[in-house]
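Chemist: One-letter residues, chain by chain:
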Amino acid sequence: MDTAVIQIDGLADIIRARQSVRDTAHALGMTLADQTRIATSVSELTRNIIQYAGKGTVTITGEKNKGYVRIRVVVSDNGPGIADIEEALGDGFSTSGGLGMGLPGVKRLVEDFEIKSRPGHGTTVSIAVSRRLWV
Amino acid sequence: MKIPILKQGDILMTSIQVELSDQDALDFQNDVLEEVLRAEASGIVIDITALDVVDSFMARILNDTANMVRMLGTECVIAGMRPAVALTLVEMGRKLIGVEMTLNLEQGIDRLRKLIEERGAS
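If you read the protein sequences in the order shown, they are chains A and B. Sequential numbering of the first sequence, starting at 1, is according to the numbering used here. Sequential numbering of the second sequence, starting at 1001, is according to the numbering used here.
The hints are simulated quantities; they were obtained by calculation from the structure and are not laboratory data. Treat the hints loosely; a few may be bogus.
[To be verified] Capping the alpha-carbon separation at 35 Å, the derived lysine-lysine pairs in DSBU-like fashion look like this:
1) A:Lys116 with B:Lys1095
2) B:Lys1114 with B:Lys1002
3) A:Lys107 with A:Lys55
4) B:Lys1095 with A:Lys107
5) B:Lys1095 with B:Lys1114
6) A:Lys107 with B:Lys1002
7) B:Lys1007 with B:Lys1114
8) B:Lys1007 with B:Lys1095
9) A:Lys66 with A:Lys107
10) B:Lys1095 with A:Lys55
11) A:Lys116 with A:Lys66
12) A:Lys116 with A:Lys55
13) A:Lys55 with B:Lys1002
14) A:Lys64 with A:Lys107
15) A:Lys116 with A:Lys64
No experiment lies behind these values; they were computed from the predicted model shown.
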């Protein structure tokens, strides 16, 4: 199991984070579709960090298990947090004049989606994509 | 990060070959509009073959740019979206609505010519 942590502090870090995630997914032997799903998800989530919290971290873990490989990404910040998570996950939701496509879009892209947030205590989103290995 | 915009006759061509930050993407949008006007172009093809990630922000930029170009009175075609990018955008629930898309640059130029012709005829 390999873990990498990327600090998010500016727009260029969005690109750095998604490339790193993509590279990890590629190294694990994931399909192009899955590489793109997870990289795009990280792009959306890190943009949220820049937009709402200013800075945060992306933790990427690649796992090789018997029978399957998995990439897990935890995107975390100490920003303002989300008051109503259910509302933030609803289609068309946006507080920043953006697309309202961020969280609900990501949720549809990955198989594992978990969000923890409390107003004033930041937000942590954990996502994962895995691929079964046929031996 | 300046994306070159090439002119051939009355049409423009541009290919995004690097990952764009949000600010780069906004600058690109502005450059496209300025260049269409400056060159008095009849249309532009934007090639995105090299983009392996198009998130909702970039999708909106592309969508808006195409619509803005049309609003100026010229045509716009986006060429070469990768299959995995199309898959991801549709799964996310994001579509490029009302934007002319083609498989590659060559088809993009053909489509652009037809669109320019049709606009001229109407």
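Chemist: If a hint holds in the structure, say so; if it does not, say that too.
Modeler: Right, here's what the structure says about each hint:
1. A:Lys116 with B:Lys1095: It holds: about 29 Å lies between the C-alpha atoms, which stays within 35 Å.
2. B:Lys1114 with B:Lys1002: holds, 29 Å
3. A:Lys107 with A:Lys55: Cα-Cα ~22 Å, so holds.
4. B:Lys1095 with A:Lys107: OK: Lys1095 of chain B and Lys107 of chain A at ~17 Å, within 35 Å.
5. B:Lys1095 with B:Lys1114: Distance of about 23 Å is within 35 Å: holds.
6. A:Lys107 with B:Lys1002: holds, 34 Å
7. B:Lys1007 with B:Lys1114: holds, 18 Å
8. B:Lys1007 with B:Lys1095: holds, 29 Å
9. A:Lys66 with A:Lys107: Holds: Lys66 of chain A and Lys107 of chain A sit about 26 Å apart, inside 35 Å.
10. B:Lys1095 with A:Lys55: Answer holds: Lys1095 of chain B to Lys55 of chain A is near 29 Å, not above 35 Å.
11. A:Lys116 with A:Lys66: Holds, at about 30 Å.
12. A:Lys116 with A:Lys55: holds, 17 Å
13. A:Lys55 with B:Lys1002: Between Lys55 of chain A and Lys1002 of chain B the Cα gap is close to 27 Å, so the pair holds against 35 Å.
14. A:Lys64 with A:Lys107: Holds, because 23 Å separates the two Cα atoms, which is no more than 35 Å.
15. A:Lys116 with A:Lys64: holds, 26 Å
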